[in-house]
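Undergrad: Each chain, letter by letter, is given below.
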Amino acid sequence: MNPIIRLVYRNLTISINPGFIIWQILFPLIYIFVAGFAYTSLIENVPFGNKDLSYPAFLASGMIGFNIMNSTLISGIIIWNDRRNGMFEQIMSGPYTRSDYILSNIVTIGIIGLVSAALIAAVGYPVFFESVEFSIITIPLLIFASVVGAILFGSIASIISTRLRSSEGFNVIINTVFLFFAFASTAFYPAQGAPQPLAIAFYINPLSYLVDIVRAGIFGQMTDFVIMEMIFLIVLASALFVIATKLLTKLDF
Amino acid sequence: MLCIQTSNLTKKYGSSLAVDKIDLEIKSGQVFGFLGPNGAGKSTVIKLLTTLMSPTEGHLTVLGIDAAKSPLEIRKKIGVVLQQPSYEMSLSVENALDKYGMMWDVDKKTRKKRTEELLTSFGLQDIRKKKNDDLSIGQRRRVQVAREFMHDMELLFLDEPTVGLDPSARRELLDFLKKQVQKTGMTIFYTTHVLSEAEYLCDNIAIINKGKILAVDSPNELKNRFGHEKTIKINLTKTSSSLSDLLSDIPDCKVELEPEPIITINSSNSEVVLMNILKILNQNNITINDLSAIPTNLEEIFLKVVSDSNEPDN
Numbered sequence: 334m335n336p337i338i339r340l341v342y343r344n345l346t347i348s349i350n351p352g353f354i355i356w357q358i359l360f361p362l363i364y365i366f367v368a369g370f371a372y373t374s375l376i377e378n379v380p381f382g383n384k385d386l387s388y389p390a391f392l393a394s395g396m397i398g399f400n401i402m403n404s405t406l407i408s409g410i411i412i413w414n415d416r417r418n419g420m421f422e423q424i425m426s427g428p429y430t431r432s433d434y435i436l437s438n439i440v441t442i443g444i445i446g447l448v449s450a451a452l453i454a455a456v457g458y459p460v461f462f463e464s465v466e467f468s469i470i471t472i473p474l475l476i477f478a479s480v481v482g483a484i485l486f487g488s489i490a491s492i493i494s495t496r497l498r499s500s501e502g503f504n505v506i507i508n509t510v511f512l513f514f515a516f517a518s519t520a521f522y523p524a525q526g527a528p529q530p531l532a533i534a535f536y537i538n539p540l541s542y543l544v545d546i547v548r549a550g551i552f553g554q555m556t557d558f559v560i561m562e563m564i565f566l567i568v569l570a571s572a573l574f575v576i577a578t579k580l581l582t583k584l585d586f
Numbered sequence: 047m048l049c050i051q052t053s054n055l056t057k058k059y060g061s062s063l064a065v066d067k068i069d070l071e072i073k074s075g076q077v078f079g080f081l082g083p084n085g086a087g088k089s090t091v092i093k094l095l096t097t098l099m100s101p102t103e104g105h106l107t108v109l110g111i112d113a114a115k116s117p118l119e120i121r122k123k124i125g126v127v128l129q130q131p132s133y134e135m136s137l138s139v140e141n142a143l144d145k146y147g148m149m150w151d152v153d154k155k156t157r158k159k160r161t162e163e164l165l166t167s168f169g170l171q172d173i174r175k176k177k178n179d180d181l182s183i184g185q186r187r188r189v190q191v192a193r194e195f196m197h198d199m200e201l202l203f204l205d206e207p208t209v210g211l212d213p214s215a216r217r218e219l220l221d222f223l224k225k226q227v228q229k230t231g232m233t234i235f236y237t238t239h240v241l242s243e244a245e246y247l248c249d250n251i252a253i254i255n256k257g258k259i260l261a262v263d264s265p266n267e268l269k270n271r272f273g274h275e276k277t278i279k280i281n282l283t284k285t286s287s288s289l290s291d292l293l294s295d296i297p298d299c300k301v302e303l304e305p306e307p308i309i310t311i312n313s314s315n316s317e318v319v320l321m322n323i324l325k326i327l328n329q330n331n332i333t334i335n336d337l338s339a340i341p342t343n344l345e346e347i348f349l350k351v352v353s354d355s356n357e358p359d360n
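From first to last, the protein sequence lines are chains U and C.
With our numbering as the guide, the letters of the first sequence map in order to residues 334 to 586.
With our numbering as the guide, the letters of the second sequence map in order to residues 47 to 360.
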């Protein structure tokens, strides 16, 4: 078996447990079905391209992007746990290279990101089915968002995990960063009507770009702006991936 | 065949010299002990030999493979139990063994067979379902060592593997290792601070201090080379307070009158000293109850070699 596949299998075995699955499914479901309908009286319709989306449909599609980002936390947790529990050094003294280790983490989060996106798309479908406009680019756009989002946010989680040794520091930093990404984005609310500084934060946040691409795929609203967002995400994900790889390569034993 | 060969192997951390121009030749099919005080450079040498680190200078060949050119090829043929614990927190003992075998590309049938064998050999059957997180330090260490035997290897590095083990578990591990060397012809590179372990297990031993190799030989040869001073104890049935005066002209001997009269000789020329003492005892009608020569052990040799190397001239 290929060394990367062996490590991916190992990563999935040690990371996926009932708690993680419940968190990955239950948390978005609560948002979609509780917050989605509860906030409908506050946010009636959200304009997206040439469409007016209901708030539950807007939120459900945003939760796909949010879940892709959330699932990549696992990458940071794997690296951090491996360092804390001595497994990083143990793996590196075995039949693996650092590239194998890094690539296996990326593949792991890519798989988890894809599965998470598919799960939320499936459970959120009843909420946004009225506005759905499937086309030939729907699935490729969702796969693009899952893979590029996994690399981007996985690299951020990896960078944080290589810089911090204490569990308290790791938890505080990673939760703060990911909370900022989640709530200062257009995953939960539209940017329109938000105070100017917050609206700017929304549009420098890569999660906003990610959910735009997901929504473009689901609601058939492919525009030049979405293409620019895709290019921006590719560039940012590549840069962060290079930084994460370099930091992992430099980790001392 | 040489299993490990180093020449001028050097590792610096900034300006600090951790490994200082080590030349080592270790033959295959033996247990090679690597002894040294804390901070002597043992773990750094292991990290160099296992290709976890690159040397600052020098050349290194493991199993005939150049470490600078093909480190991965070396790592495919060795096993490593590092000094610090390493474990998968969420896995049970049997799962940890199985998954570790999977990581080494061992087929499922072999993994299943080896897991059962190792659970028995390492006394882990009763805790096979327990998660690593719930194990004691000693149990976790046993799993860590057992896990390494899930895959085939030609050379095994064990960095203080018996830390946290109780005496019986320690002896069982040493016997298991001896059997593995006999059965498979593998080589074991073994570090420990328990010198009786090294004496029991190792065919050859190197002593390292301040990054330098001070001596390499078999335990017996080390004793012959460095164990010049022999200790002889003479227990007397009765004595007089004048015994100390009688022996005052004889060097390298110590007289104790309480709780029982004992003369201790500690000399590189102990036979001659003994003859002189026996003569005096005979002349004064002092009878001997017991006479015993205390064999030199590896611990004394180790302490002497390390303490000599700490002298300012060295």
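By construction, these hints were calculated from the structure, which means they are not laboratory data.
Built from N, CA and C at the ideal position, the CB exists for glycine as well.
One or more hints might be untrue.
Stated by the list, open to error - Now the in silico label distances, taken between C-beta atoms and shown as ranges:
#1 Leu-118(C) - Thr-556(U): 27 to 35 angstroms
#2 Ile-564(U) - Gln-171(C): 33 to 41 angstroms
#3 Val-575(U) - Arg-174(C): 50 to 58 angstroms
#4 Met-47(C) - Leu-436(U): 45 to 53 angstroms
#5 Leu-118(C) - Thr-346(U): 57 to 65 angstroms
#6 His-105(C) - Ser-500(U): 40 to 48 angstroms
#7 Lys-154(C) - Ile-560(U): 42 to 50 angstroms
#8 Thr-346(U) - Thr-156(C): 17 to 25 angstroms
#9 Gln-228(C) - Thr-346(U): 31 to 39 angstroms
#10 Asp-298(C) - Ser-500(U): 30 to 38 angstroms
Undergrad: Now look at each hint and say whether the structure bears it out.
TA: Evaluation of the provided hints:
At about 47 angstroms, the beta-carbon gap between Leu-118(C) and Thr-556(U) misses the expected band of 27 to 35 angstroms. Restraint check, Ile-564(U) to Gln-171(C): a C-beta distance of roughly 58 angstroms breaks the suggested window 33 to 41 angstroms. Judged by the Cβ atoms, the range 50 to 58 angstroms given for Val-575(U) and Arg-174(C) is violated: they are separated by roughly 43 angstroms. With their beta carbons about 36 angstroms apart, Met-47(C) and Leu-436(U) fall outside the hinted range of 45 to 53 angstroms.
For the hinted restraint 57 to 65 angstroms between Leu-118(C) and Thr-346(U), the CB-CB distance of approximately 24 angstroms leaves it violated. A hinted range of 40 to 48 angstroms holds for the C-beta pair His-105(C) and Ser-500(U), which are about 41 angstroms apart. With their beta carbons about 47 angstroms apart, Lys-154(C) and Ile-560(U) fall inside the hinted range of 42 to 50 angstroms. For the pair Thr-346(U) and Thr-156(C), the beta carbons lie near 19 angstroms from each other, so the given range of 17 to 25 angstroms is met.
Between Gln-228(C) and Thr-346(U) the beta carbons are some 35 angstroms apart, a value that agrees with the proposed interval 31 to 39 angstroms. Distance hint check: the CB atoms of Asp-298(C) and Ser-500(U) are about 59 angstroms apart, inconsistent with the given range 30 to 38 angstroms.
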